[in-house]
Structures are given as structure tokens and as C-alpha cells.
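Please put together the full structure from these sequences, using the hints given.
Given next are the chains, with one letter for each unit.
2 protein chains.
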Amino acid sequence: MATYSPDHPAGSSPSKDNNFDVDYVIHYKLPSSSSPSSTESAEAEAAFSQLITVLSSAGFATEVRPGKTSSSLLVFVKLASPGLLQAQVYRSRVQDWLYGVRTAAPNPSNLPLAQYFESEPVTEAERLLLAYLLITKPKNENGAGVTPKVGTWKYVESIFPLHDRRFNRRWITEWSTKYFLDEEDLNKIKDKFGERVAFYFAFLQSYFAFLLFPAAFGASAWLILGGFSWFYAAVNCLWSVVFFEHWKMKEIDLAVQWGVRGVGKIQMPRPQFKFERESLDPVTGEIIKVYSPLKRLARQALQIPFAVACVLVLGSLIVSCFAIEIFINEVYIGLFKQYLTFLPTILLTIFMPTLTTLLTKLAEKLTDMENYETVDAHQDSFVQKIFVLNFITSYLGIFLTAFVYVPFGKILVPYLDVFSITAQKFTAEGKPLPTQVWQINPDRLKKQVIYFTVTAQIVNFATEVIVPYAKRKVFKTVEKVQYLSEKNEQTLLQDTADEATFLKRVRDEAELADYDVTIDYREMVIQFGYLSLFSVVWPLTACSFLVNNWVEARSDAMKIAANSKRPIPWRADSIGPWLNSLGFLSWLGSVTSSALVYLFNKNKSGPDGSPWDIPGWALLLSILFSEHLYLVVQFVVRGVIKKMDSPGLQKERAERFAMRKQLLERMVEQDVLSDEAGKGAPGLLGQGDKITREALEEEARSLSTVSPEQLFWQRQRGAAETIQIGRALIAEAAASHAKSRK
Amino acid sequence: MATYSPDHPAGSSPSKDNNFDVDYVIHYKLPSSSSPSSTESAEAEAAFSQLITVLSSAGFATEVRPGKTSSSLLVFVKLASPGLLQAQVYRSRVQDWLYGVRTAAPNPSNLPLAQYFESEPVTEAERLLLAYLLITKPKNENGAGVTPKVGTWKYVESIFPLHDRRFNRRWITEWSTKYFLDEEDLNKIKDKFGERVAFYFAFLQSYFAFLLFPAAFGASAWLILGGFSWFYAAVNCLWSVVFFEHWKMKEIDLAVQWGVRGVGKIQMPRPQFKFERESLDPVTGEIIKVYSPLKRLARQALQIPFAVACVLVLGSLIVSCFAIEIFINEVYIGLFKQYLTFLPTILLTIFMPTLTTLLTKLAEKLTDMENYETVDAHQDSFVQKIFVLNFITSYLGIFLTAFVYVPFGKILVPYLDVFSITAQKFTAEGKPLPTQVWQINPDRLKKQVIYFTVTAQIVNFATEVIVPYAKRKVFKTVEKVQYLSEKNEQTLLQDTADEATFLKRVRDEAELADYDVTIDYREMVIQFGYLSLFSVVWPLTACSFLVNNWVEARSDAMKIAANSKRPIPWRADSIGPWLNSLGFLSWLGSVTSSALVYLFNKNKSGPDGSPWDIPGWALLLSILFSEHLYLVVQFVVRGVIKKMDSPGLQKERAERFAMRKQLLERMVEQDVLSDEAGKGAPGLLGQGDKITREALEEEARSLSTVSPEQLFWQRQRGAAETIQIGRALIAEAAASHAKSRK
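Chains as they are written, first to last, in full-length UniProt numbering: chain A, 1 to 742; chain B, 1 to 742.
Derived by calculation from the structure, the hints in this document are not laboratory data. There may be inaccurate statements among the hints.
Here are the simulated BS3-like pairs of lysine-lysine, each with C-alpha atoms no more than 30 Å apart in a straight line [what the hints assert, rightly or not]:
1) 137(A) - 154(A)
2) 68(B) - 265(B)
3) 661(B) - 248(A)
4) 265(A) - 642(B)
5) 446(B) - 265(A)
6) 410(A) - 154(A)
7) 661(B) - 149(B)
8) 642(B) - 661(B)
9) 149(B) - 337(B)
10) 739(A) - 154(B)
11) 68(A) - 559(A)
12) 471(A) - 504(A)
13) 504(A) - 739(B)
14) 178(B) - 289(B)
15) 16(B) - 642(A)
16) 446(B) - 504(B)
17) 295(A) - 642(B)
18) 248(B) - 385(A)
19) 446(B) - 642(A)
20) 739(A) - 559(B)
21) 739(B) - 643(A)
22) 385(B) - 476(B)
23) 661(B) - 643(A)
24) 651(A) - 295(B)
25) 274(A) - 410(A)
26) 361(B) - 29(B)
27) 274(B) - 651(A)
28) 471(B) - 16(B)
29) 137(B) - 68(B)
30) 265(B) - 651(A)
31) 149(A) - 471(A)
32) 295(A) - 643(B)
33) 250(B) - 289(A)
34) 504(B) - 265(A)
35) 250(A) - 642(B)
36) 250(B) - 265(A)
Given below as C-alpha cells:
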């Protein structure tokens with residue numbers, strides 16, 4: 001249709017990064033290639049026509065291109081007119097103002113819209129979010145009502161914005177060459193990927209900066225004090241309180257600076273919500289969809305059996321592997337010991353992911369059953385369950401070592417003979433297995449903590465970044481081979497030259513996984529837990545985390561830029577439900593730290609590291625004491641931090657002040673005050689409403705109409721007379737006193 | 001000046017209750033009658049003139065009359081013009097709106113002010129508060145700047161509004177004939193005495209209603225379970241959590257209904273605040289007065305030695321009296337035992353009030369030193385100290401019995417021989433005092449709890465209501481005699497007939513004490529403490545409190561109506577710092593209850609009631625368990641209560657909704673949306689910003705100016721073409737699949 005000019009003046013970006021103004025790509029999967037019935041194909045066709053129609057009605061321009069294989073289409077959409085975008089932005093900003101997210105109304109001085117948008121420009125994230133909402137909002141709210149994978153739209157596989165390759169490249173390069181991320185970096189993320197993602201990086205950065213202290217202190221404590229020092233435990237708890245309370249403030253501060261404070265109040269309805277009946281809101285008179293809260297409560301109560309199930313299922317797996325491991329490593333000395341050692345690891349590696357996936361699915365089901373009206377409530381409830389799951393998988397092993405294996409090992413280990421007996425039955429000889437006399441392994445706890453805080457972090461990094469990358473590379477090769485062999489090159493050939501690179505890139509992006517910030521938060525929160533709960537065992541923990549988190553921020557950036565679809569730029573004013581998890585871990589840290597110090601401190605325990613002789617009441621007392629000290633310290637720190645000023649709060653204060661001033665000035669202009677209040681205003685000494693002499697004389701003529709009130713207030717005519725009479729009374733009093741003294 | 005007509009049509013109230021439209025009375029005390037120097041008298045005279053001048057400038061009408069004795073004056077003031085009042089009310093309502101206290105702006109439809117005030121009338125409390133603020137506000141804010149007893153105004157003894165006798169009579173009569181106070185009753189109090197007082201009665205009423213349950217349950221528990229039942233303890237803790245969380249919601253609800261939610265944000269500057277320097281607020285550019293927060297922090301730190309001092313001073317008094325009492329009652333069997341029994345009570349009665357008064361003064365001094373900017377911060381800090389004081393005086397005795405006397409009595413009582421030895425030195429014979437073998441008195445704890453929850457409440461009632469009443473009666477008689485004997489009847493004679501009754505009443509009111517709601521709150525909070533901390537000892541506690549609180553509400557009403565000056569109708573949106581105290585006591589209850597049950601439950605302790613054989617770790621474990629159970633239950637209850645709807649919240653929601661609707665409608669009117677958004681609005685299927693055929697042809701002529709973006713979006717002309725191409729692709733895919741299946 002047109003020749004392709006690589007250095008076209010209008011297209012400022014080089015062609016290979018050009019996004020062709022596309023706002024969203026809708027990945028439309030046709031019925032599965034193995035056996036599409038003709039009805040299915042017709043259905044897909046009808047739905048496709050409908051899709052384009054509704055998008056067009058909602059104000060989008062559309063283009064369709066073939067997908068990677070012949071069984072998928074790519075629909076490109078962009079907001080058709082700048083006017084529609086402006087109207088959407090303006091409406092959303094007014095809504096923000098009404099919900100108190102913005103202090104000032106948008107466009108207060110009623111500029112022409114074009115001029116207003118110059119003074120408060122639309123960011124990319126804002127545009128993309130509004131476009132996404134316009135695609136997904138129901139039709140009665142002027143949206144297109146497209147919800148991927150649901151109902152009519154079951155063939156809509158995904159709706160995603162396109163990566164800004166140039167930005168991504170610069171982003172990764174910049175971040176990998178600097179130590180600290182500053183506000184500017186976060187602002188860029190916010191404008192590209194929205195506040196939800198920006199909050200994650202802000203949290204990560206804040207946590208990273210805060211880790212410097214425990215890393216330095218931990219290293220010195222490791223050198224000077226060793227493990228299980230009460231001093232390290234106290235400082236560590238104090239640090240976690242300060243960090244937690246500081247973040248709570250920082251979060252508010254950022255939300256204000258980013259103009260999203262209170263954005264959680266603007267709730268997004270969940271399309272999957274099933275209502276029982278519609279009813280009129282008694283207050284607003286609007287039709288609302290109702291689901292019985294009692295029913296929901298009953299379903300929420302299922303969280304308790306869920307938690308119990310998690311503990312039982314994962315717990316029994318961990319306990320068994322733990323027991324087998326101890327038996328093989330510390331009791332058994334027979335044949336194949338060197339191979340059998342790997343048995344528990346193998347069991348864990350096989351069963352743990354399977355069970356976790358199963359339980360996560362169960363958690364999803366449960367959360368769906370709870371049937372929340374809003375996206376946030378749904379997400380909160382799901383995160384809660386995920387936290388329980390991860391708490392068990394991450395910490396139960398260490399808890400077992402610290403609070404069961406060491407103190408009660410002597411009682412429990414003999415029961416491990418059960419393995420010996422079982423094994424005996426399967427061996428021909430029927431002889432007892434060769435065992436050694438068991439002794440508590442005092443280094444076990446430390447080794448375990450080091451494993452979780454160093455090895456596991458590295459493994460995690462690998463599975464998160466390297467594996468998907470490698471996987472993609474391999475799959476790509478395999479696919480290419482398949483693809484070529486299937487001779488489906490036709491679609492490739494259809495691409496016009498100027499679009500070919502772009503379409504290839506879009507097809508690749510469509511295959512990428514969705515980015516889920518929850519997973520990254522989970523990782524960081526669980527990491528914080530190790531620091532808070534167990535770092536007293538091995539004070540170098542924070543050093544390991546410091547290094548890890550520098551890499552983590554970059555690898556997460558990588559993950560977003562290269563391994564995931566570009567995320568929808570959701571807004572957020574907080575790290576959400578993870579805040580509670582952080583608080584819980586910080587508090588639990590005060591309990592476990594004191595218990596660990598009490599149980600394992602070298603000064604008290606015997607030579608074998610067993611804290612057998614410590615009285616129970618003293619342990620409990622130290623836990624009680626430490627926990628309450630923690631609560632008191634938290635109370636104090638919270639008070640102190642609350643009093644501190646921050647740029648965000650200053651900004652808010654300035655805005656509020658400006659608004660108040662402006663409104664009060666306007667009020668004065670309206671002369672409401674000057675007209676009505678003038679009568680009693682300063683200056684008319686003693687006149688007020690007082691009756692003038694003439695009026696008084698007038699009234700004296702018709703005395704019967706004078707009320708006692710009027711009479712009372714007429715005794716002294718004006719302030720001057722009051723002063724005169726008062727002075728007379730004072731003089732009289734002085735005189736009478738003088739007399740009585742004589 | 002005028003004849004007096006008792007049935008005057010304008011004065012609707014009978015003359016003896018008539019307040020002559022007076023807003024405030026300023027009690028002006030002249031230099032003390034014993035020795036007023038002439039300079040003092042002159043000073044008083046000058047200050048008086050100034051007083052009348054500033055009041056008049058601020059817009060008040062004034063009248064002066066002699067006081068009760070010749071050494072005091074009564075200055076009557078009222079707002080001179082209704083216009084001034086309306087302007088003040090309007091300004092204050094606008095301020096409320098700006099601070100978010102009101103959802104909607106006042107007078108949104110711009111009615112004439114007179115009409116507006118008909119639709120939203122000014123309550124008596126509102127008028128009186130604004131008048132008071134006008135009297136006390138500094139001159140640069142258009143007030144009169146009169147601060148009683150400070151600086152120039154050292155002769156201003158008090159500024160008080162006059163009681164509405166008719167209302168008070170009806171109030172007392174009504175309340176004494178009904179069991180429950182309803183919303184209407186509280187609204188009346190709110191309109192007369194302001195929200196701060198109304199909140200006290202609302203709290204009292206809510207607490208009273210909530211007491212019905214523990215009273216009924218406690219009575220049955222007392223009959224069936226006896227004391228120290230864990231079941232009672234658990235139910236009691238649950239009840240206190242529910243009550244506390246319910247009140248937190250109720251408080252918000254009431255604040256919204258009364259239109260004062262968030263009123264705490266509008267801070268009243270403290271006139272006594274001393275600033276170190278003035279500086280410019282970096283944000284608002286206003287001049288602000290600064291006091292170093294570090295200095296304040298240092299002074300706040302004095303609270304810790306203060307608390308320690310309280311514990312030491314009051315503690316040692318209580319401990320000594322406790323020891324003496326035990327020695328005399330349970331060990332000593334010698335002469336005068338029946339008289340000596342009273343010794344500790346006498347000691348306590350003499351020293352306790354003295355020490356409490358001293359420490360309260362110290363607390364006041366400390367709070368003054370902390371030098372807060374605002375009235376609320378000052379009050380909060382003072383209440384905190386008062387709570388510490390009262391906690392010790394009220395609960396320490398019981399704590400000693402429960403957790404020292406009973407468990408450690410056998411160790412400690414022998415040390416009481418010190419009394420024996422001391423006494424020996426003073427007796428002539430030098431023989432040891434006759435003693436008996438000591439045994440723990442198991443009923444001691446119960447007796448003590450009954451004393452505090454029944455006897456002390458009655459004594460308190462007496463000191464609070466009957467004593468002041470009697471005192472006033474006696475003083476009045478004495479004064480009258482003195483007065484007549486001094487032949488100062490002159491002032492009496494000066495009163496004109498129609499004012500005589502009124503002036504006599506005002507003179508009496510001027511002598512009354514100020515009403516301090518803090519004292520009443522303290523009493524209720526401490527009472528709640530007994531219930532939460534110790535009622536497991538004697539489950540009938542709540543019954544006693546139920547009766548007591550019915551009387552309490554009426555006697556407090558009596559106290560306000562008859563024994564105090566009418567309070568300034570301050571606003572409030574909460575019971576303030578007492579909320580924290582309640583929460584603390586409720587939490588501590590979970591600890592003490594479990595400890596008491598564990599220590600004293602009959603099943604475990606020996607026949608003498610001594611819990612000697614209970615292992616410490618079990619006690620601590622039960623405390624730990626109970627406390628954490630409490631925290632979990634609190635978390636759940638809080639979640640459930642938060643989800644409940646309430647009239648106040650409904651009102652708020654309705655107001656917000658109305659405001660939003662109105663504003664959005666206005667926005668549509670402004671055509672901002674319709675003008676700009678029309679282009680992309682629904683209906684123009686596939687047209688959007690797409691280039692029309694003509695334009696396309698136009699552009700085809702100058703192909704070099706077409707950007708790749710334009711080219712991309714030109715491939716399919718409109719939605720229809722997109723649909724067509726998409727369908728073709730789908731058909732193709734189906735065909736190719738069909739082929740490959742063959």
C-alpha cells in the first residue's frame with residue numbers, strides 16, 4: 001500500500017521498536033486446532049464479529065492480523081479519537097476528586113481542555129489503564145464489556161499492551177549500572193507500568209536501603225557476638241519495627257506524591273461476581289447487586305479447615321521428610337547411606353510443588369466461592385490464603401528443628417526406629433538395620449537457616465529468571481521447527497514488509513506469561529520473615545539478603561521487560577494485604593527470637609547444645625517479656641514516626657491549604673460575610689443592636705410592649721455606660737473595704 | 001425604669017426561669033477583700049474598662065451588675081446582632097466543610113441567609129460555642145481575646161453560660177422516670193450542652209445497655225459456676241472485646257449523625273502555649289509558632305519517672321497499709337485489736353487523697369511543661385497521666401492480694417514481725433506482741449473486690465452528689481448569716497424588682513463548680529476495669545454496676561443541672577483518650593482473668609486456697625494462650641463489626657452520593673463531556689478517527705508524508721473491513737485444520 005521509509009519523520013522511533021500507536025492487543029484464540037467442529041468455528045466467527053463491533057462502538061479503531069499459528073488472531077486496538085481519551089481522563093480525574101483521591105478539582109480555572117491537558121499531561125499508564133477499563137467495562141457504563149475467557153468472550157485469550165522496547169532497554173541498562181534507585185526511577189516505572197508495579201519496586205528499594213543496617217550490624221555481631229545473642233535479637237526486633245512503621249508512612253507519602261492516596265476507595269467491580277438478587281440501595285436509590293453476607297461468612301469460615309488442611313498435608317510431608325532425613329543422616333549407618341541421604345530431598349522436590357500447586361488451586365477455588373463484589377476484596381482474601389501456605393512451606397522446617405528436634409529430640413528420635421522396623425520387613429535377612437547412638441546435631445539449625453537464606457534464594461533466582469529464559473529459547477527453536485515442518489508459512493508471507501518485524505514481536509509477546517506482582521511481593525515478605533524470625537541463628541542473614549535484593553530488583557525488572565507481557569498499569573495506594581503479613585512476621589519475630597536466644601544461648605545450654613535444663617517458666621517468661629516489650633516499642637516508634645513530616649504530607653498540606661484559602665476568598669467575594677456580618681463587625685463600639693435614645697423614648701411611650709429581656713438590656717445604654725457603672729461599683733467596693741479596715 | 005409584667009407575651013418563659021437573652025456571664029472578681037491596695041483597685045478598674053471595650057468591639061452587648069459580695073461584678077454579654085451570629089455560624093459551617101467534617105457545603109443552593117437558617121437552624125449549643133469562641137479568640141481573629149485568670153484578665157474569674165432551668169427540670173424529671181435513654185434524649189443533650197457532654201452520656205448509655213448481658217450471665221455464673229470459672233472468664237473477655245469494638249463503631253456513627261466526624265482535626269490553639277520562635281511554614285507560607293519538638297520529647301520523657309514516682313509513692317502507701325492490715329487482722333491477737341483494725345483505713349483515708357491531689361497537681365505541672373500547641377494534645381497528655389494515677393489507686397490493692405498475698409504470703413508474712421518488733425520498742429514491757437499462727441485468708445480477695453465494686457461505688461455516689469449538695473446548703477446558710485451581719489445589703493437593695501430573682505440565681509450559679517466531664521469518664525473507665533480485670537473473682541460485679549450506672553446517669557445529669565455551672569458546649573467526635581484506656585483494660589483483662597482462674601480455681605488449689613503447687617510454666621502458658629486468643633478474637637470481632645451498617649454511615653453514604661451525583665450532573669451541564677467526547681462516543685461504528693476514503697486518496701498523492709503508524713491503521717478501513725478480514729482468516733484456519741485432519 002505504501003513504500004516503507006525507515007527514517008520517516010513522523011515515526012520518531014526506529015521501526016523495530018515501533019508500536020504503531022497500538023494501545024492494546026487482543027489475542028483471539030480460535031477453537032483448538034486438534035478438532036474444531038464447524039459449530040465451534042461458526043461460534044468463534046460470530047464472537048469475533050461481535051468483538052469488533054463492541055470495540056468499535058466503545059470508540060476503538062481496530063485492525064486484525066493473523067496470529068503465530070493459523071489458529072489465533074491478533075486484534076489491534078487504539079482509542080480512535082484524542083477527544084475520547086481526554087473525556088475519559090477528565091471524567092476519571094473528576095471521580096478521583098469526588099472520592100477524595102485528589103485534593104483539588106481538575107481544571108479549576110476552566111481552561112480549554114487542550115490547554116488543561118498541557119498543564120497536567122496524561123501519562124502512558126493513565127492512558128493505557130483508561131483504555132483497558134473502556135474495553136472491559138460493561139456496556140451500560142459505555143465500555144465494550146469484553147472479559148477474557150468468560151462467556152461470549154471465551155476465545156479472547158488475553159488483552160495486553162505492548163512493551164516499549166526502547167524504554168525497557170534503557171531501563172535495564174540504567175538499573176544495572178547504579179546501586180540505588182531514586183525517586184526519579186520509581187516515577188518512570190509508575191508512568192510506564194502503573195502504581196501497583198511502582199509500589200513493588202518502591203517497597204523493594206526501601207527494604208534494600210533498610211537492609212544496609214542489619215547487614216553491617218549483623219556482620220559485626222557475627223564476628224563479635226556469634227549466634228543467639230540477645231543483643232542482636234533486640235536490635236533486630238527494633239530494626240524490624242522501625243522498618244515496618246517507616247514503610248507504613250512511606251507508603252502514604254508515595255501515594256500522596258503519586259496522587260493515588262485513597263484510590264482503594266474507588267472499587268473495581270469483579271466481573272465474575274454472582275449476585276443472588278438485585279435490590280434498591282435504601283440510601284442512594286440505585287440498583288445494587290446483593291449476595292448474602294451470611295453465606296459469604298459461612299464460606300469464609302472454610303478458611304479455617306483450609307489452614308488446617310495446609311498444616312496437615314504440608315506439615316506431614318515436611319515432618320516425614322524431616323524424620324527420614326534425621327534417621328538416615330544421624331541414626332542409620334548401613335549400606336547406601338551416601339545415596340539414601342538424597343531420599344528426603346527427592347521426596348520434597350517431587351511432592352512439595354505438586355501439593356503446593358494443588359493447595360493454591362484449592363485456595364483459588366475457595367476465594368472464588370467467597371464471591372466478592374470487588375477485585376480488591378478478592379485479591380486480599382486470596383493473598384491471605386497464599387500467605388498461610390507459604391508460611392508453612394517456608395518456615396515449618398526451621399520451626400521443627402528449633403522447637404521440636406533440639407528440645408525434644410532425645411524423646412522423639414527413638415521412635416524413628418519405625419523406619420528401621422519397616423525397612424526390616426522388606427529386606428530378606430530380617431536383621432535390624434545398622435544404627436548408631438543418636439546425638440543432637442547442634443549445627444543443624446544453623447545449616448538449615450543458611451540453606452534457606454542463601455541457597456534457596458539463589459535457586460529461586462534461577463527458577464525465576466534463568467529457567468523461563470532458557471525455556472523460551474528452547475521452545476522457540478522447537479516451535480520454529482514444528483512450524484516450518486507444518487508448512488504454515490502462509491501467514492508469515494502475508495505480513496507486509498514494514499509490519500513483519502513488529503508482528504513477529506507482538507506474536508512473541510502474546511506467548512509470554514502474565515506478570516503477577518503478588519509472586520514478587522510474596523518472595524520479599526517471606527524473605528523478611530527469615531530475617532525477623534530466624535536471623536538470630538545466623539546474623540549474616542541480612543548480608544545475604546542485601547546482595548540478593550540488589551540482584552532481585554534488576555531481575556524483576558528483567559522479568560517484566562523480557563519474560564512477561566507488559567502488565568496492565570493498575571493503580572494502587574499501598575502494598576495491600578502484604579502489609580498485614582509484614583506486621584505479623586515482625587511481631588512473631590519478637591517471640592521466636594527470644595525463644596531461640598533462650599533455648600540456644602551457649603552460656604546456658606549443655607555441651608551438646610541441648611537446652612534440656614532450662615525451666616519452662618523462664619522460657620515462657622522471656623517470651624512474654626520480649627513480646628510485650630516489642631508491643632511497647634512499636635507503640636513508641638509509631639508515635640514518633642507519625643510526628644515526622646514527609647514530602648508527600650507536605651504536598652497534601654499545601655494543596656489543602658491552597659484549596660481552603662481559595663474557597664474562603666471566593667466566599668468573601670460573594671459578600672456573604674461583608675453584607676450580613678457588617679452590622680456586628682468591629683468598630684461600632686457599644687452600638688450593636690442596642691436601642692438608641694430616640695427609639696427608647698419612642699418605646700417608653702408604649703411601655704406595656706417592652707419585654708423583660710429588652711428592659712434588662714436597656715439598663716445601660718452602650719459600653720460607655722456599662723464602663724461607667726462598673727467603675728462606680730468598683731470604687732464603691734474599694735471604699736467599703738477601706739472603711740471596714742478602719 | 002419599667003413596670004414588671006409577669007405574663008409578658010414576648011417573654012414566653014415564666015420570669016423566674018427567664019435568662020434575659022444572656023449568652024454569657026463574666027464573673028469579674030475584684031482584688032481580694034482583705035487588703036486591696038489602691039493600685040490593685042485601679043488596675044482592676046482599668047482592666048474592667050478594657051474588658052467592656054474589647055467585648056463591645058467584638059460585637060457583644062454588655063450589662064454590668066453587682067456580684068454576690070461587693071468585691072465581684074457580673075458582666076452580662078450577648079451577641080449584639082443576629083447578623084453577626086449568622087455570619088459566625090456560616091463561617092464555622094464552611095470551615096467544617098473545608099475540613100471534611102461536613103460532606104456538603106453549607107447553603108449549596110445559595111438561598112438568602114435567613115431562609116437558609118430556617119432550613120438548617122442554629123442550635124443553642126452552636127450559638128453558645130461560637131459566642132464563647134468569639135470572646136476568647138485573639139483579636140487578630142476578630143475575637144475579644146479574653147482568657148480567664150491569665151495576664152490582663154487575671155480578675156476575670158470565669159465565663160459561663162446560664163442554665164436553662166425549665167429544660168433542666170424537665171430533663172431530670174424525664175430521665176428519672178425511664179429505664180433507657182434513647183437517641184432523642186441524647187440529641188437534646190447535644191443541642192443544649194454540646195457534643196462533648198452528649199458523648200459522655202451516649203457512652204454511659206451504651207455501656208449500661210451492654211451491661212445487661214454480663215449482669216444476667218454473671219448472676220447465673222455466680223449461681224451455677226461460682227467464682228474463678230474459666231467459662232465465665234472467657235465469656236467476660238469476649239463481651240469486653242465486643243463492647244469495645246462496638247463502641248468504636250458507635251462513636252463514629254454518632255459523630256456522623258451529629259455532624260461532627262473529624263472535628264478533632266480542627267484544632268483549638270491553647271492560649272497558654274509558649275513558643276520559642278516564629279517561623280514561616282514552608283508549605284503554606286503562614287507564620288507559625290514553633291516549639292522545639294525535641295525539648296517537648298525530653299519533657300514527655302518525664303512521664304516515665306512520674307509513673308515510677310506514682311507507683312512508689314502510692315504503692316508504698318498501699319503496701320504499708322496492706323501489711324499493717326494483714327498483721328493486725330490476721331496475725332495480731334493482742335489488746336485493742338478491735339480498734340487497731342481501723343488503723344489502715346484511717347491511714348489510707350488521710351494520706352491517699354492528699355497524695356493523689358499532690359500527684360494530680362504534679363501531673364498538671366508536667367503537662368503544662370510539655371507545652372502543647374493545642375487544647376486536645378494537652379488534654380490527651382493529662383488524661384494519660386491521670387489514668388496511670390487512677391490505675392494504681394484503684395487496682396493495686398487487688399493485684400497485691402491476688403498475685404502477692406495469696407501465692408507468696410507464706411514467704412512474706414513472717415517479715416511482718418517487723419511491726420511486732422517496732423511495737424515492742426514502744427511498749428514498756430518489752431515483751432513480744434501476742435500473735436497467732438498465720439493462714440492465708442481465702443476470702444480476702446473476694447471481699448476486696450466486693451468492697452471496690454459495691455461499697456466504693458456507693459461512697460463515690462455520695463461524695464459526688466450528696467456531699468456537694470449538702471455543702472452548698474450549709475455554706476449558703478453560713479454565707480447568708482455573714483452577709484447580713486456585714487450589712488452589705490446595699491447591693492441586694494439595688495436590684496430592681498424584675499431582675500432580683502434572676503440576679504440572685506446568676507450569683508448562685510457563679511459560685512458553682514465547673515463541670516469536668518473527664519472526672520465522669522474516669523469513673524466509668526475505672527469501673528469497666530474492675531469488670532474486665534477482676535469480675536471473675538465475683539461474677540455479680542456487673543449486677544452491681546448495672547444498678548449503679550442507672551443511678552449514675554441520673555446523678556450526673558443532676559450534677560450538671562444543679563451542682564455545676566452550665567458547661568461550655570464543646571464539640572467532640574469521640575470519647576477521646578479514654579478509648580485507649582478502655583482498650584488497654586480490656587486487653588489486660590484477658591491476662592488477669594486467665595491468671596486468676598489458673599491460680600484460684602478450686603479444682604487445683606489446696607484446701608487453704610493457696611495455689612502453691614501450680615507450676616509456673618503452666619500459669620504463664622495459660623496467660624500467653626489467653627492473651628493471644630484475645631488478640632485473635634479481637635481481630636475477628638473488629639472485622640465483623642466493620643462490615644455492619646449503621647444509621648450514621650448510611651447518612652454519610654447518602655450525603656456523599658448526593659454530592660457526587662450533583663457534581664457530575666453539573667459537569668455534564670457544562671458540556672465539557674458532550675463537546676469534547678462526542679467525537680468518539682458510541683454510535684459511529686468504525687468511523688472513529690479513521691481516515692476517510694477521500695482523505696486517504698488525498699494522502700496517497702503525497703505518500704512520503706504517511707507515517708508507518710498511519711499505514712498500519714489504514715490497512716483495514718473501519719470495523720466492517722476488520723470483521724471481514726478476520727472472518728476470512730478464521731475460515732481459512734478451519735479449512736486448513738479440516739485438511740490436516742484428512
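Original post:
Which hint numbers doesn't this structure obey?
Top reply: Numbers 2, 3, 5, 6, 7, 9, 14, 15, 16, 19, 20, 21, 22, 23, 25 and 34, in rising order.
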